[in-house]
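Residues per chain, in single letters:
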Amino acid sequence: MTSLELRVLLFGRYAELFGTESLPLRLAQGATVADAVKALREQPAGNLLPRQLLCAVNLRQVAPDHPLAPGDELALLPPLAGG
Amino acid sequence: MYLTTDSIEPARLAERMVRAERGALVTFVGHVRDHHAGRQVVELEYSAYAPMAEAECARIVAEAERRWPVGIALEHRLGTLAIGEVAVAIVAAGGHRGEAFDACRWVIEEVKRTVPIWKRERYADGTVAWVDPTAPGGAIPAGQPHEAPR
Chain X
1 MTSLELRVLL
11 FGRYAELFGT
21 ESLPLRLAQG
31 ATVADAVKAL
41 REQPAGNLLP
51 RQLLCAVNLR
61 QVAPDHPLAP
71 GDELALLPPL
81 AGG
Chain H
1 MYLTTDSIEP
11 ARLAERMVRA
21 ERGALVTFVG
31 HVRDHHAGRQ
41 VVELEYSAYA
51 PMAEAECARI
61 VAEAERRWPV
71 GIALEHRLGT
81 LAIGEVAVAI
91 VAAGGHRGEA
101 FDACRWVIEE
111 VKRTVPIWKR
121 ERYADGTVAW
131 VDPTAPGGAI
141 PAGQPHEAPR
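In order, the protein sequences belong to chains X and H. In terms of my numbering, the first sequence opens at residue 1 and continues consecutively. In terms of my numbering, the second sequence opens at residue 1 and continues consecutively.
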């Protein structure tokens, strides 16, 4: 079974939780954002992520059912606090 | 570029928007406040997902200029800010005050709603927290920073 590799970016509090701002993730072909989030929740500190997560793929906010492609940049966005 | 690590100068931003046909310039300036949810703030740090934040700001400016007959200038600060420093400045310049006020208000609300920027506050008691508008109390205690924010 082929797999897809993507880069996960973490910001703010989430970067603190994981102790890194970026990590690689390997998923099964056809995986969605929800699958990626599920895999991240299984990593150390991943259980501390909130139930509702704001996600962006390649700089655009997406829904959990958004399909992922090889090389995608998935960003986990903590609650926004600009302005 | 809408994000900057340099001080923001709202007056200069406004000057850039002056045109003969623009009779109304509305400027919104957000300053760093010395308190949040009952706690005394001594400084704060803004970080961003910079490429996405730039793209979102560009989208907001373009959308405002499409909805109203105005020109928009927008700057948001990143990095460490002291109390009273300018965090964000928006100028809406149009023929008349109605569209300028409306567009300016819309832009600041949209910036808060969609631009990926985060704020970490340092309090007088030495503690640090991530501002979370969705959390009860408005903030979540921060752990040890592992490296400089971007």
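Hints may be right or wrong, so weigh each one.
[Claimed, not checked] FRET-style restraints, in silico, Cβ to Cβ:
1. 6(H) <-> 32(X): 22 to 28 Å
2. 28(X) <-> 59(H): 21 to 27 Å
3. 34(X) <-> 105(H): 43 to 49 Å
4. 70(X) <-> 38(H): 46 to 52 Å
5. 22(X) <-> 15(H): 35 to 41 Å
6. 39(X) <-> 59(H): 28 to 34 Å
7. 66(H) <-> 3(X): 40 to 46 Å
[Stated by the list, open to error] Computed from the model, here is a short list of chain H residues facing chain X with C-beta under 7 Å:
8. 49
9. 55
10. 61
11. 81
12. 83
13. 106
14. 108
15. 111
16. 116
17. 143
[What the hints assert, rightly or not] Sample of chain X residues with no beta-carbon within 10 Å of chain H, all distances over it, derived:
18. 12
19. 41
20. 43
21. 56
22. 59
23. 75
No wet-lab data here; the hints were simulated from the structure. Even glycine gets a Cβ: it sits at the ideal position worked out from N, Cα and C.
So which of those numbered hints doesn't the model satisfy?
1, 2, 3, 10, 11, 12, 13, 18, 21, 22 and 23
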